[in-house]
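**Q** Sequence:
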Amino acid sequence: KSHRKHRFGDPFLMDDQTLLDAAIDVRKNAYCPYSKFPVGVALLATSGNVYTGVNVENAVNGLSICAERVALFKAISEGEREFSKIAVVCDAGYCRPCGACRQVLFEHAPDLAILMGNPDGQFKQTTIRELLPEAFTL
Numbered sequence: 001k002s003h004r005k006h007r008f009g010d011p012f013l014m015d016d017q018t019l020l021d022a023a024i025d026v027r028k029n030a031y032c033p034y035s036k037f038p039v040g041v042a043l044l045a046t047s048g049n050v051y052t053g054v055n056v057e058n059a060v061n062g063l064s065i066c067a068e069r070v071a072l073f074k075a076i077s078e079g080e081r082e083f084s085k086i087a088v089v090c091d092a093g094y095c096r097p098c099g100a101c102r103q104v105l106f107e108h109a110p111d112l113a114i115l116m117g118n119p120d121g122q123f124k125q126t127t128i129r130e131l132l133p134e135a136f137t138l
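Quick note: the sequence shown uses our numbering, first residue 1, plus one each step.
Simulated from the structure, these hints should not be mistaken for lab results.
Among these hints, one or two may not hold up.
[Stated by the list, open to error] Derived CB-CB ranges, DEER-like:
1) Arg96 - Thr46: 29 to 35 Å
2) Ala59 - Ala100: 15 to 21 Å
3) Phe136 - Thr18: 31 to 37 Å
4) Phe136 - Glu82: 35 to 41 Å
5) Gln103 - Asn58: 17 to 23 Å
6) Glu78 - Asp25: 26 to 32 Å
7) Ala59 - Asp15: 17 to 23 Å
8) Thr46 - Asp21: 19 to 25 Å
Note that this is a predicted model, so its numbers are computed, not measured.
All residues carry an ideal CB built from backbone N, CA and C; glycine is no exception.
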């Protein structure tokens, strides 16, 4: 079964809990032997497609990649260019994207809604602009 993308229908009818559940489900695929900190993400494109991602670590830490960028880069490689919402799930309370992911997400989706969730299915909602109020732009 491919986890590349999922179609859930009308993106305006996408239920937050369904998006969060996709992030919870994919989290089991994280490759994090060093940090033991699995992260799962589900990114909703305005087309209605959902792209999942997990963190993938490397012994050389700088070569690791976060789940948010995995999902975003998968979506872009499939031709997506517009995104409305992302769900991020980890064990540490309400999971937030790191600074690098905030900058990358902002460039591609400056109005992105963010569901910060935990494995129990609880979440808080914010926006990329709230998390990165003075993003770098050219």
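**Q** For each hint, tell me whether it holds in the structure or not.
**A** Hint check:
| no. | hint | in the structure |
| --- | --- | --- |
| 1 | Arg96 - Thr46: 29 to 35 Å | violated (23 Å) |
| 2 | Ala59 - Ala100: 15 to 21 Å | holds (19 Å) |
| 3 | Phe136 - Thr18: 31 to 37 Å | holds (33 Å) |
| 4 | Phe136 - Glu82: 35 to 41 Å | violated (21 Å) |
| 5 | Gln103 - Asn58: 17 to 23 Å | holds (21 Å) |
| 6 | Glu78 - Asp25: 26 to 32 Å | violated (20 Å) |
| 7 | Ala59 - Asp15: 17 to 23 Å | violated (39 Å) |
| 8 | Thr46 - Asp21: 19 to 25 Å | holds (20 Å) |
The structure shown violates the earlier hints numbered 1, 4, 6, 7.
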